[in-house]
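Chain Z is fixed; fit chain U onto it per the hints.
Quick mapping for you: the protein sequence lines, in order, are chains Z and U. Residue numbers for the first sequence follow our numbering, beginning at 1 and rising by one. Residue numbers for the second sequence follow our numbering, beginning at 1 and rising by one.
Accuracy of the hints is not assured; some may be wrong.
As the list claims (entries may be wrong) - Taking lysine to any residue and the SDA-like style, the derived pairs with C-alpha atoms no more than 25 Å apart in a straight line are:
1. K3(U) with K3(Z)
2. K128(Z) with D91(U)
3. K3(Z) with Q20(U)
4. K128(U) with D23(Z)
5. K3(U) with S328(U)
6. K3(Z) with K128(U)
Hints are computed from structural coordinates only; laboratory data are not their basis.
Number of protein chains: 2
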Amino acid sequence: MYKNLRVVPQLIFGRGSLSQLGDVLSRRCTDAGSPVIFLIDDVHEEKPWVRTLPARAHDLMIFVNCDVEPKTRYVDELSQRVKQFSNRRPDAIVGIGGGSTMDLAKAVSLLLTNPGSAAEYQGWDLVKYPGIYKVGVPTLAGTGAEVSRTTVLTGPVRKLGINSDFTPFDQIVMDPDLISDAPRDQRFFTGMDSYIHAVESLRGTYLNEFARALAEKSRDLCREVFLGNIPDREADEKLMVSSYLGGLSIAYSQVGACHALSYGLAFVLGTRHGVGNCLVFDQIEEFYKEDVHEFREMVARQKIALPRNLCAKVTDEQLNEMVRVALSLHPLWENCLGPRWCEIMTPERCRELYRRM
Amino acid sequence: MYKNLRVVPQLIFGRGSLSQLGDVLSRRCTDAGSPVIFLIDDVHEEKPWVRTLPARAHDLMIFVNCDVEPKTRYVDELSQRVKQFSNRRPDAIVGIGGGSTMDLAKAVSLLLTNPGSAAEYQGWDLVKYPGIYKVGVPTLAGTGAEVSRTTVLTGPVRKLGINSDFTPFDQIVMDPDLISDAPRDQRFFTGMDSYIHAVESLRGTYLNEFARALAEKSRDLCREVFLGNIPDREADEKLMVSSYLGGLSIAYSQVGACHALSYGLAFVLGTRHGVGNCLVFDQIEEFYKEDVHEFREMVARQKIALPRNLCAKVTDEQLNEMVRVALSLHPLWENCLGPRWCEIMTPERCRELYRRM
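Next up, chain Z with everything else stripped away, as it sits in the complex (with noise of 0.2 Å):
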């Protein structure tokens, strides 16, 4: 059985097309009281651009805060809300930032329509009912979530997506203009997001040749950005697509050891998805020997400092239980190792790759 692949239906590429946000909203709207909730990244909170979002009066604006990884509880806490904002089902959802930001906007369009905790639906297809309307824009090139299945969440027990058919968006709108003003390693970090995506889907063992062309695609331009000498104009509308393009590939591929380590760190370091990658990407030659060497060659390009010794002061617990969560990752590990995985991957070697970090 092939997977049957749900792809974002309308998407809208161009610079500016951030003005088209209002026409696509007035396609949605139900009737003169229903809201539109737009969540938006709070970094963004005095950006000119802001102030020409199509918020009408009875729309509601949250700006919310993404220095920590998203939270199955902060999603609880939104989508409350929202729904004591109104007490009209809201038309749209709208999530205007990178990838957590686009996750919350997933993850609470979908807590509007299906009861209980966030953390109930971590896991894969544990959703029941479509969730409300909802339009990613990224202002972030590289995490894939702006047509991802999923939506990754920390919760009580585990760092893991509400994978599911009803969870990527119903529209999104690709601005390059969003994320030209990006800090620098951020930019950096978040695209090799989407380099990582495209290697982990392309050695990986559930590869296939649909996934196959997207992931080299996405790779390409990867390197046109990171390795190349394109100005940063230009640069920006390939990292966009790159994203699009990794994403849509592990949709129907899988991930692998990168970040199945890298939710470790961030479950229990709290470590952004972004760095905390590269940071595991680095030590991971032996899984990935060309492709790390061809990222150490971009680190060392765009001149970024990749934090070190991230492990050193770490626990015996805090270890153990990166360990566990790591390796609580089945499909990434068995894309990566193939079927066996348990045997090579043993929670001892799991140990010893966290210590070098």
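The following block gives chain U in isolation, referenced to the frame of chain Z:
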């Protein structure tokens, strides 16, 4: 204003995935009485897989003839036949075949919910109501019909697609097993449709980074298939992905001179789209120089004999008609030659081009 691209929202890719069609359709069945309509290219009538299709007693299987390109009249006839078959609205229309069959299925789906004749909808965004849920199953790779927002039809006055947001399939099933026994020449000509989509997208003035990435990868895959040395099995899979990416690329950009001229040939002489494109492309070095050279290399490598002197015996009247049809496709010429295309592609020059074919 950028196009808000409608992308086929569900896709399955993989060998043998035709067997999942029953599962796909069962999710759409509203009650026990509404039929599913299968439109299948009649070249497949005796294929073993036809007998495995999930058709129930009250479903309708129509073997459509695609020896000539789809006519608006044929769409009207088929729609009428479906309406007469059952007083219940079908739950789904399934098109299984090459671009012609898939286009017929898309058009019939629209004509079951929109009044009048298919000819009334030839153009851009003339369709008013969503069609019946429709599934595309390609048995040839290259046309991009599985993913495009058009259904190309020959009507009383023109060959022109029904281009609309309601035109794309709701689901596609891409099973490379189904394209493995296509006749060699046809496989090549149809594959070249994909190559030419990529070229026309890449060389066009409507290009953007999204369409560029898709077109570049689509072209790379054509090169692997027609200039490389890869096993047939792998080539089939790559060609299928190339078709998808090329189709998506032109959906976010546009085709160009080759398609415009090829439509003229088809309208007057009934030349099939795939071979027509090849005949035209071979003569338009002035627009796509290196690409035409590469195309000729593929023709030679694949030992394909292109038909020659197709226009040797056409009358002046026929020639004028070809020119009229070709030059009526303004967006294609504008994409190829820019806003002042009229000054470059005069009727006389267009006639000259046809005379060479």
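Hints and how they fare:
1. K3(U) with K3(Z): violated, 29 Å
2. K128(Z) with D91(U): With a Cα-Cα distance of about 23 Å, the restraint between K128(Z) and D91(U) holds, given a limit of 25 Å.
3. K3(Z) with Q20(U): holds, 10 Å
4. K128(U) with D23(Z): holds, 18 Å
5. K3(U) with S328(U): holds, 22 Å
6. K3(Z) with K128(U): violated, 32 Å
Of the numbered hints listed earlier, those contradicted by the structure are 1 and 6.
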